[in-house]
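Student: Sequence:
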Amino acid sequence: METNKEHLTSKQIEEQYGYLFEEELLKEIEAVGVLRKVAEGDFLMDIGDPILSMPLIISGAIKILSEDKEGDELLLYFIEKGDTCAMTLSCCLQKGNSTIRAVAESDAQLLMVPIEKMEEWMGRYRSWRHFILDSYHDRMQELLETVDTLAFMNMDQRLFKYLKDKAMVNQNDVIQTTHQDIAADLHTSRVVISRLLKKMEHDGKIKLHRSQIQLIEF
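Add 7 to the 1-based position in the sequence shown for this note's numbering, that's all there is to it.
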């Protein structure tokens, strides 16, 4: 995938992060950050890839997946505007390769910050340290929620939560997806997903269209 070697202007960065970071840090972000644009479905990172930078999400949404020994994927969480990825942070700190797969849920823009700046800024800027720790905490909470979902929810409950999460990160009650894509994210079969979606439509929770699902009930 081709990376667009563009830089955000100081005004754009201030609009995105001025409420979080002090002026000196904003200037450093402007100096080193590289803008990356990705289209829906693009891979940002795959399992085993070396991690050279960490993403700050400017717009759009990214889904983070893991993979089991059989090669089956499992959706861990979504990240959206203002977020970064806890798994990337963890790998950065350990100077290891990626343990997750990151795929664009929608067209997105990311500001890529070199990993060596992460530790440097942690020591120099309180606002950056709080941002990283808060982001890490939020992603860990979402991981725990994923574990609870797998352990305690039936597949129909998991599916409805998944649809609501996708609608939320895309800010649209009409979800562009296929039954097969949902099945892959939820680690189940297309037949099971199709049956449950039909039941949800009968119950008035959703409306099914070709490659689209409209949420009626939230």
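Any given hint could be a false lead.
For each label pair, taking beta carbons as the anchor points, the in silico distance ranges come out as [as the list claims (entries may be wrong)]: (1) E29 - D155: 31 to 39 Å; (2) N179 - T106: 26 to 34 Å; (3) V181 - H137: 18 to 26 Å; (4) V181 - N161: 50 to 58 Å; (5) H144 - S17: 53 to 61 Å; (6) M147 - T16: 53 to 61 Å; (7) D114 - D155: 25 to 33 Å; (8) D155 - T16: 40 to 48 Å; (9) A38 - L150: 30 to 38 Å; (10) I223 - D141: 31 to 39 Å; (11) E22 - N179: 41 to 49 Å; (12) R136 - H209: 44 to 52 Å; (13) E29 - D163: 26 to 34 Å.
Read the hints as simulated data drawn from the structure, not as lab findings.
Ideal placement from N, C-alpha and C gives every residue a C-beta, glycine not left out.
Student: Could you run down the list of hints and mark each one as holding or not?
Tutor: Cross-check of the supplied hints:
1. E29 - D155: 31 to 39 Å: holds, 37 Å
2. N179 - T106: 26 to 34 Å: For T106 against N179, whose Cβ atoms are near 30 Å apart, the range 26 to 34 Å holds.
3. V181 - H137: 18 to 26 Å: violated, 36 Å
4. V181 - N161: 50 to 58 Å: violated, 25 Å
5. H144 - S17: 53 to 61 Å: With Cβ atoms ~29 Å apart, the hint is violated.
6. M147 - T16: 53 to 61 Å: Given range 53 to 61 Å: violated, Cβ gap about 33 Å.
7. D114 - D155: 25 to 33 Å: holds, 31 Å
8. D155 - T16: 40 to 48 Å: Since D155 and T16 have Cβ atoms about 42 Å apart, the given range 40 to 48 Å holds.
9. A38 - L150: 30 to 38 Å: For A38 and L150 the Cβ distance comes to about 33 Å; the hint holds.
10. I223 - D141: 31 to 39 Å: Taking Cβ atoms as reference, I223 and D141 lie about 34 Å apart, which means the hint holds.
11. E22 - N179: 41 to 49 Å: The hint (41 to 49 Å, Cβ to Cβ) is violated, given that E22 and N179 are roughly 23 Å apart.
12. R136 - H209: 44 to 52 Å: holds, 50 Å
13. E29 - D163: 26 to 34 Å: At 47 Å between Cβs, range violated.
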